[in-house]
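Residue strings, one per chain:
2 protein chains.
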Amino acid sequence: MQALEQKILSEGIVLSDQVLKVDAFLNHQIDPVLMQQVGKEFAERFKDQGITKIITIEASGIAPAIMAGLELGVPVIFARKYQSLTLKDDLYRSKVFSFTKQTESTIAISKKHINQNDKALVIDDFLANGHAALALIDLIQQAQAEVIGVGIVIEKSFQSGRDLLIEKGYRVESLARVKSLANGQVEFVAEAE
Amino acid sequence: MQALEQKILSEGIVLSDQVLKVDAFLNHQIDPVLMQQVGKEFAERFKDQGITKIITIEASGIAPAIMAGLELGVPVIFARKYQSLTLKDDLYRSKVFSFTKQTESTIAISKKHINQNDKALVIDDFLANGHAALALIDLIQQAQAEVIGVGIVIEKSFQSGRDLLIEKGYRVESLARVKSLANGQVEFVAEAE
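Chains L and F supply the protein sequences, listed in that same order. So for the first sequence, the working numbering puts the first residue at 1; every next one is plus one. So for the second sequence, the working numbering puts the first residue at 1001; every next one is plus one.
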C-alpha cells in the first residue's frame, strides 16, 4: 500500500536492524486519514468473505481495526491485556510473549461477544514473530469461530511471523512488508515477491 | 446524543449504582458505526475552535478519538499507560489513580508530538471523578499547548468529574450524561438540565 510505505519512509524511525518506530502515525500519535485508507484496504482485500467480527489487541491495533470494521460493517473486539474489574465475564484466555517488553502476558476476550457462527478477521499493527497473532487466533478457535485471515499494517518480513502463519494455513495480508532495516534504511518487499 | 443513549439502554449493563458496563459497544467490543456518529458529534461541538490535536488515553479512548480526529482532520495522540521500549523519547508524564483498578499509574506522551502552538481537545470514553481527564490536561499544559475542551462519550454525572473540570474553567461536552444508576436503571440528565 503506497501511501503507507511513503509514510513509513517519511516518518518512520529505524532504531536498529530489528526495530522500526512508527510513533508518529500508528503507535502513539495516529494519523486518522491514513488509518481510514488502511481500513478501506483491509476491507477491499477481505470483502466477500462473510466476515462478522474483527479481533484485535489493545492498544495500537484498535485504530486500524475500527476503520476496517467501519468499512466492512462489523463490530471490533479488542482483546484486553489486563483484566479490569469490569471485564469479569467468562473469558477466553491466551498467553502472549512480548519481545518488545520482554514479558509474558495474558490476553482475554469475553465469551459473550464471539461464538461458533462468527467468521473472524484478525487485525494488528505489526507482525514480527507472530506470537500476538497466534494468541488472537487461539482465542477465536476457543470460541469455535472461523479464522478468515490476518490483516497486518506493517509486517517485518525478515522475522518469522508471516511464514509461521502461512505454514499453519492462515491467509496473511500485510499492507507494508519490510524486507530489511539494515544500515538504518527501510527496504520493502517488492510487490511481486 | 440519542443514538448513544439508546445503545446504553439496550446494551449497557448496570453492575452497581456506581458502575455501568458498556463492553458490548465501547470498552471491549466496539461498534464502529456508533463511534463514527460519536466522532461526528464531537467534531460538530468543537468545530471552529482551531483544534490541532486530539489527546486521549489507551485503550478505550482510542476509538472515539480517532473518529473525531478523522472528522476534524487532525492527528490523535494516545497517552501510554506503560512505557514501552520504543517510547523512550523525552516524555511529559503525569500520574492518574484508577478507581476501577485501584492502582496509580503514570501516563506519558512524547514531547515530539505536541508543542506550544497546539490547541488540544481531550477525548475519553468515561468521565467519573475526572482524574484521567485532569492528567491528560496536565500533559497538554506541560507542553504549553492550549486546552480547548474535554469531550466525553459517557459522563457519570453523579460523580464529581464534570463539576471539577468546569470549576477549573474547562469546557466539557459529554454525549451521554448518566444522572443515576440506582435500582439497576440508567437515568439520563435531561437535555435542559
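I should point out that these hints are in silico values taken from the structure, not numbers from a laboratory. Any given hint could be a false lead.
What the hints assert, rightly or not - Each pair of labels, with its calculated beta carbon distance range:
1. F:Leu1009 - L:Gly73: 38 to 48 Å
2. F:Asn1115 - L:Lys47: 24 to 34 Å
3. L:Gly169 - F:Thr1103: 51 to 61 Å
4. L:Glu187 - F:Gln1141: 20 to 30 Å
5. F:Glu1011 - L:Gln142: 45 to 55 Å
6. F:Gly1073 - L:Gly73: 16 to 26 Å
7. F:Gln1049 - L:Lys168: 45 to 55 Å
8. F:Glu1173 - L:Lys101: 33 to 43 Å
9. L:Lys95 - F:Gln1049: 29 to 39 Å
10. F:Asp1048 - L:Asn129: 20 to 30 Å
Note that beta-carbon positions come from the ideal geometry of N, C-alpha and C, so glycine has one too.
Here is how each hint holds up against the structure:
Evaluation of the 38 to 48 Å hint for Leu1009 (chain F) and Gly73 (chain L) yields a failure: the beta carbon distance comes to about 23 Å. A hinted range of 24 to 34 Å is violated for the C-beta pair Asn1115 (chain F) and Lys47 (chain L), which are about 41 Å apart. Gly169 (chain L) and Thr1103 (chain F) have their C-beta atoms about 41 Å apart, which leaves the hinted 51 to 61 Å range violated. Hint check: Glu187 (chain L) to Gln1141 (chain F), Cβ distance near 41 Å, so the stated range 20 to 30 Å is violated.
A beta carbon spacing of about 23 Å between Glu1011 (chain F) and Gln142 (chain L) contradicts the range 45 to 55 Å that was offered as a hint. Between Gly1073 (chain F) and Gly73 (chain L) the beta carbons are some 24 Å apart, a value that agrees with the proposed interval 16 to 26 Å. Take Gln1049 (chain F) and Lys168 (chain L): their Cβ atoms lie about 50 Å apart, and the range 45 to 55 Å holds. Separated by about 35 Å at the C-beta atoms, Glu1173 (chain F) and Lys101 (chain L) satisfy the suggested range of 33 to 43 Å.
At about 45 Å, the CB distance of Lys95 (chain L) to Gln1049 (chain F) disagrees with the hint of 29 to 39 Å. Between Asp1048 (chain F) and Asn129 (chain L) the beta carbons are some 47 Å apart, a value that contradicts the proposed interval 20 to 30 Å.
Consistency with the previously given hints fails for numbers 1, 2, 3, 4, 5, 9 and 10, ordered from lowest to highest.
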